[in-house]
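K.L.:
Since each chain comes alone in its own frame, lean on the hints to assemble the complex.
In order, the protein sequence lines correspond to chains Z and B. Counting in numbering that gives the first Met the number 0, the first sequence runs from 0 upward without gaps. Counting in numbering that gives the first Met the number 0, the second sequence runs from 0 upward without gaps.
None of these hints come from the bench; they were simulated from the model. Please note that the accuracy of each hint is not assured.
A partial selection of chain Z residues facing chain B, derived with a Cβ cut-off under 10 Å [as the list claims (entries may be wrong)]: (1) 214; (2) 226; (3) 251; (4) 273; (5) 281.
Quick list of simulated restraints, FRET-style, between CB atoms [stated by the list, open to error]: (6) B:2 x Z:20: 31 to 41 Å; (7) B:125 x Z:125: 50 to 60 Å; (8) Z:20 x B:170: 32 to 42 Å; (9) B:125 x Z:53: 37 to 47 Å.
Residues from chain B that face chain Z, not an exhaustive set, calculated with beta carbons under 10 Å [what the hints assert, rightly or not]: (10) 39; (11) 89; (12) 188; (13) 189; (14) 192; (15) 205; (16) 210.
Computed from a predicted model, the values in this text were never measured in an experiment. All C-beta atoms in this analysis are idealised placements derived from N, C-alpha and C, irrespective of residue type, glycine included.
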Amino acid sequence: MPEHEVSRPDRSLDAAFWPQSFQPYLSDALDQRPAGSAGKSGACKLIFAAAGSGRTQLQQSFVSHPFHLTRPWYLDPALPGMVVVYVQTPAGGLIQGDRATLQFELDDTTQAHITNQAAEKIHSMTANCALQNVSFVLGTGAYAEYCPEPVILFPHARFGQQLNVQLGLQASFFFSELFLIRGDVIQEPFEALSTSLKVTDATGDLLMREHSLALPFQQRLTGPGVLGRYHVWGQAVLIGRSVTESWAKEIQGEIQEEVFPDTILVAGTTVLPGECGVCVKVVGTQVPAVRRVLRRAWHGLRLRHLGVPAPDLPK
Amino acid sequence: MDDTAFIAALQLTDSFFPSGAVTLSHGLETFLSDQSTAIDLSQLLHDYLERKIAPCDLVAYAHAYQAAAEGDVERLHQIDRYLNVSLLPQELRQGSVRSGRGTLETLRRIVEEPLFQTFLAGVDAGKSGGHLPICLAILHSIWRIPQHRGGCMLLYAFMVNFLSAAIRLGHLGHRQAQGLLIHFRPQLMPLVEQALESQLEEIGSFVPLADIRAMQHAHLSVRLFSS
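Chain B on its own, in the form it takes in the complex (with noise of 0.2 Å):
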């Protein structure tokens, strides 16, 4: 990886990037509102990453960039509406699409790449509904990001996140979550490696706990986050 494309994965990975992911829990809100069962988050932490993210959004990223770097944005809205009906818990879909438009929207008059600008104009003509890993996808083959790096931005971007929601919602210190980011480290890169080798229709998962806390979170009374 060039400089460049490593300041621009500084730049994508950073939470000061405006994609408005930081709003999202990924149904950690209702794991953590449901006093009667003690949660370790490590171990939730590696479910989601290991269960859901890796053969899930991962998957879904490493085809999508496959499709960026050969140009075919068909392909791209293809991979992005398949991506779609995959996701069934409605407030994780909607949290997806929500932080790859608000990836789109952040460049839509920065980024002049036809590819992503002939994306973004299927995506508003309704074509597919922009999630997160294909806008991702695109911007990562844009900028020469390589592919198995990309997708452990993917996994780490999703790590800062959660434990971001963590903290915020009062059950996890600063330093805890720095020594998790730490202790996680390793298991990245096998992930990607394993979701690179996947076909688009291994898309999926088995996690029903974290699936049915994502659906109970649509219906709380009270709540911080938008998933």
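So that you can see chain Z by itself, here it is in the shape it has in the complex (with noise of 0.2 Å):
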């Protein structure tokens, strides 16, 4: 392949749809090698294949810098045949001008757990942004956990990250996500953070979407609607089956049970649109408390739609 082809940045990811407000960083220009250029474009693309065993298996993987792959685990003794895979980015975070892209493809029926080995530091920036498109295509029956540790958002961070997921006939998908501010929420915060989730059934009808938009240094944080006195925040989503209106209720109970009374944070849960899932939401000041509460309600889920408790996986 002729040079210029091995170093002609991918910027795929940039023609997306992005906030107007992100529009200013995805043209502006790096001082160090161009956005989406090698090094600065990661790709980790998955598509796992039921075997013969009833396991899921990996079938194939196309993975890149910063992503490494361990292999696939068999680790939740309630879900033998569920692979567990624990993405890893030995790069220490995101940097202005990354571009990294998850693709992730279930098989009918089959099952996967996908994790990352630790927090994701998103780094302070001066020029251009890091973006991260994370996407799941599950065909029949299939289930999907997608449980990112921890985003870490450094002082003038620029961030945009999309979740998209399309779900086949009686697929469903669990995802959690928590994000902290690293330094002063006033003084200091991340500059722009869009986040965006999107899940379509197998008709390809919206089942929800959401999209946040936060730009502390034109609206401030501390609002008492926004985060208060919180820096740490979270949700977590089971979507895809019907659900009745007392799961949330139940869900609600267990999680006031699950906060000491030590513990500083708030949480709420939901009903989603057409009843096809449930939706938690907690901030809180303590990264472990808002944990407890994502895994209390990764626990209620699991055992209200599967019927087993969730795992301990090893970090």
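P.N.:
Quick look at the structure:
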């Protein structure tokens, strides 16, 4: 392959939907190698298929820097066929100009749990931004869990993330996410954060979507409706099966039990549009407490959806 | 805006209009029921307006107004469904539909314009839920209320609703409420202008606490409001 083809920056992610306030970042030139060039454009594309043994196998993988893959594991005693994959990033976080693409395809009836090894730092930036696109395509009856470790937003970080999920018939998806601000929320917050989540059903109809845009230097984060005195926030979502209102109520009760008197956090649980799932949102001042709520939500939703508890996965 | 449109605007924005929005607190009841935190109502209203209603309801309204002006009923249903899957706290979703349908029902046998009746028939047939911003956009378009004025009306009606809930919950006096309405006047038009420039895909908000309070409301044991 000619050299210019090797080094041509991959800006395909820039062409996806980003809010208008991100457009100046996208066209912002870097003093170092261009955004999306080799070393700044990482991909992890995995395809899972069912094996005769009933196990889900990693059938195909394409992984480029900064991503690295361990071998697939089978670590959940309650779901012995579910493959557990740790997507590692030895690079130590995302910096300006980074473009990351993660694609997961699950064949019919397969089950996969995707996570990473440690928290993801989004470093301080003076030019451009970091973008990450995560997508899942689930076949009939497939079930995926996407539970990355916390995302740490450094002062002046600019980060855009998209999560797109395509559900096949009777497929379901669980995901949890957690963000925290490193540094002073008022004096030194991140600069821009855009996150979006889109889930479609087997016919392509939207089941739910969410878009959040935070620009702390233009709109303060400490407002009573935004984050107040908290600087850690997260959510857990199960989507793809019909739920009753009692699920949300019960899980809300279980979370309340989990919250000890000394932990300062607020959490809420709701039924998603079309009664197609449950969403739990939480804000707090400490990562361990918020994590505990998200884990409790995961456990409660797993018990109701699959009849099995949440496992303790080694990290 | 001609005089007839002005009077139509008064009628639609008046709390005398039976949309049912008066039963909604948008999560305010949960905020105020938590005795451990003192809430600055002015700041909270600011967060709701700037971070939730403007980038969410108002953007849907702006696109729906455009679709209504073009007589595109299918597009109206599409925007209505889009807003529905974007409103994650269940009670906010239900409240928005309830007051939208309340508006449609009130005018079902009164407004004969084909656009209104076709959309109403579509809602009856389950094509979409009938969220308030979509229903208002249709009426504003039919009654020739200009889009930016209609956008202001939507924000103003929200403020009146929110403040009246605060009064009924015993956390605000009538005079303070009028003071806040005056205070927020200059902030409305810039929010409308921004919303009119936003794409439909930008519909969204970053108000984790407001969302959580709205979610918790469904689980309150004693409550005065339906959201």
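K.L.:
Give a verdict on every hint.
P.N.:
Going through the hints against the structure:
no., hint, in the structure
1, 214, "9 Å, holds"
2, 226, "6 Å, holds"
3, 251, "5 Å, holds"
4, 273, "8 Å, holds"
5, 281, "7 Å, holds"
6, B:2 x Z:20: 31 to 41 Å, "40 Å, holds"
7, B:125 x Z:125: 50 to 60 Å, "52 Å, holds"
8, Z:20 x B:170: 32 to 42 Å, "34 Å, holds"
9, B:125 x Z:53: 37 to 47 Å, "40 Å, holds"
10, 39, "6 Å, holds"
11, 89, "5 Å, holds"
12, 188, "18 Å, violated"
13, 189, "12 Å, violated"
14, 192, "13 Å, violated"
15, 205, "4 Å, holds"
16, 210, "6 Å, holds"
Checked against the numbered hints above, the structure breaks hints 12, 13, 14 and satisfies the rest.
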